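**Q** Now for the letters of each chain:
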Amino acid sequence: MNNLSRREFVIMAGAAAAATQLPAQAKKATLTAGEVVSRIKANLGIPWNPKTFRDKFHIGGPDMEVHGIATSFGANFRVLDLAQKAGLNMVIVHEPTFYSDADVIDWIKDDPMYLYKLDWAAKHNIVVWRIHDHWHAHKPDGIQTGWDNHIGWNQYLVEGSLTHWKLPPTTLGELAKYVAKTLPSNSVRVIGDPNLPVSNFMRGGHLMAQNVTALQAADAILVSECREYDSFEYVRDTILSGQKKGAIFISHCSGEDEGMRFFAEWSQPFLPELQVKFIPTTDEFWTV
Amino acid sequence: MSITAQTVLERIQKKFGPGWEPTPVDAFMAGKPDTEVKGIATTYAPTLDVLKKAVASGKNLIISRESPWWARTNAFGGGTQFQGLPSNWTNGQNFIRQEEGAPDTDPAVVAKRQFIEANNLVVYRWFANWNAQPVDYQLKGLAKALGWEQHYKPSGGYPWGHNNGFFELAPATLKDTALAIKKKLGVKSIRIGGKPETIVHKADLSHGMYWLPDIQKLYAEPGVDLLVMGEPQWENELSLYSFDVADSGQKKGYIVLGQQVSEEPGCAEMAAWIKPIVTEVPVEHIPAGEPCWMPY
Chain A
597 MNNLSRREFV
607 IMAGAAAAAT
617 QLPAQAKKAT
627 LTAGEVVSRI
637 KANLGIPWNP
647 KTFRDKFHIG
657 GPDMEVHGIA
667 TSFGANFRVL
677 DLAQKAGLNM
687 VIVHEPTFYS
697 DADVIDWIKD
707 DPMYLYKLDW
717 AAKHNIVVWR
727 IHDHWHAHKP
737 DGIQTGWDNH
747 IGWNQYLVEG
757 SLTHWKLPPT
767 TLGELAKYVA
777 KTLPSNSVRV
787 IGDPNLPVSN
797 FMRGGHLMAQ
807 NVTALQAADA
817 ILVSECREYD
827 SFEYVRDTIL
837 SGQKKGAIFI
847 SHCSGEDEGM
857 RFFAEWSQPF
867 LPELQVKFIP
877 TTDEFWTV
Chain B
83 MSITAQTVLE
93 RIQKKFGPGW
103 EPTPVDAFMA
113 GKPDTEVKGI
123 ATTYAPTLDV
133 LKKAVASGKN
143 LIISRESPWW
153 ARTNAFGGGT
163 QFQGLPSNWT
173 NGQNFIRQEE
183 GAPDTDPAVV
193 AKRQFIEANN
203 LVVYRWFANW
213 NAQPVDYQLK
223 GLAKALGWEQ
233 HYKPSGGYPW
243 GHNNGFFELA
253 PATLKDTALA
263 IKKKLGVKSI
273 RIGGKPETIV
283 HKADLSHGMY
293 WLPDIQKLYA
303 EPGVDLLVMG
313 EPQWENELSL
323 YSFDVADSGQ
333 KKGYIVLGQQ
343 VSEEPGCAEM
353 AAWIKPIVTE
363 VPVEHIPAGE
373 PCWMPY
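Protein sequence lines, in the order shown, are assigned to chains A and B. Residues in the first sequence are numbered consecutively from 597, following our numbering. Residues in the second sequence are numbered consecutively from 83, following our numbering.
Derived from the structure by calculation, the hints contain no laboratory data. On a predicted model such as this, the values are computed, not experimentally measured, just so you know. Among the hints, erroneous ones may be present.
Said to hold, decoys possible - Which residues of chain A face chain B? A few of them, derived with a C-beta cut under 7 Å, are:
| id | residue |
| --- | --- |
| 1 | Glu-691 |
| 2 | Glu-821 |
| 3 | Phe-881 |
Don't be surprised by glycine CBs; every beta carbon is placed ideally from N, CA and C.
Build out the structure end to end from the sequences listed, making use of the hints.
**A** Below is the structure:
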């Protein structure tokens, strides 16, 4: 907030003022994608970081007319296709569209998958806008809040935390089964003894340092996509060194998809002209 | 005749030939290089379990692909191979970095350090220079473990070279192919993308971590309809690409083995490579084993 320039503040203030005029705008049949984004920015409750390389249009642009909005974890082709079939031509996602975090087009400009997806999207009038940094920065973190609401442990949250639970005593094996079934996901992986007693449960992160901190503070941790050469092996050596610990690893998608259901619920009230519908990306991994 | 860990390294460098690059991922990670070597164990990861097995079989030099302290110095420069780039090199999202690890007071660090000291062990990490050889021994080892050697169909270039892991397989569904791989490798936790009923004929086998330009090259190879890899970096980048390929109608599948599963067989190749140059002591591959299981 302290980095917010005067100019940015003026833009934000204007957007907030626009949002208060909602009833007048509600007569419009459709909005432009730019108008949708303005409303989102105005309602986020935090300053917009204009330097974000993530939170911007990745297919289409602000002038496109929006007939309905789909929200999801990823701009997976499968999700765009489902959105299009449901008549929702603006897809608001949390993750990349074109295979790198910054959607670096230079790397893929001749790639057949990129060209196919882009052509398909243009043909179907699809606009993709990403909200990653700002949905995490929303208070409370929109991604974690949505995940928490879905997993069903809010009554066990340690006060002041979104990622630390004191669960009714269970075992690592039972907990992993519950997580796999509830997400749902067919790619959950576990390190540790299935009979390990677990009550103090905490979420780690993508990076090893986050998982070191969490594992030392809990019986077991939940990790959404981490590197196997560091976090997996750290957990394994922790257990081999005699500590009674365990870890449940879920896909990146499984750790964040529900956060975009919360985004749909959160944004529908200030986008009354349009349907805002969560289309789960759903973990596309399966196992045999 | 006695031999020190340093002498073992010098023999390795001599056999390697010209071009050995000093890197932070080819280094003694624990113990003293002048320690007298009783036996050598190669492994994917020097876990406490691997260290105990080494000691039990009289070996005190462990040569590993990964670090005993887990945190990794990463090198991404449009590929997984270390490219000898300076640590401050950046280009878009590519970078080299030393990941933040566990503190010295971490109980697992303490336990491991104590065990290493008590048993006079030496751990040498051999990563980038092992990878820098024209033959990709990690690929060769994995192909052997899968029983795929006789199906090898290199795409020009250097046989068994990097990014040249093409195999013509007996046509089968993606699901059956995955089941066969799981059974052959004896693992519990492979992950698959694509439609189970897709018939696959030609596999691109890879190991470890891949980056976007790699996966683009692999999918561009004519006839390839199955990609088998170690670990995607990241799922919202590389896996997204593979999911999109299948979901946009291409009859192609994607199998993720896991980092350890994909890299361990190559560490057996490492033991075989070292054996002829260190005849004084036994050299053996001690697998770290698959770290995880699935709750299904």
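**Q** Does each hint fit the structure? Answer for all of them.
**A** These are the hints, each one checked on the structure:
For Glu-691 of chain A, the suggested interface contact is upheld, since its CB lies about 4 Å from the closest CB of chain B, less than 7 Å. For Glu-821 of chain A, the interface hint holds, the least distance from its beta-carbon to any beta-carbon of chain B being 5 Å, beneath 7 Å. Because the beta carbon of Phe-881 of chain A sits about 4 Å from the nearest beta carbon in chain B, less than 7 Å, this interface hint is met.
Going through the hint list in order, the structure satisfies each hint without exception.
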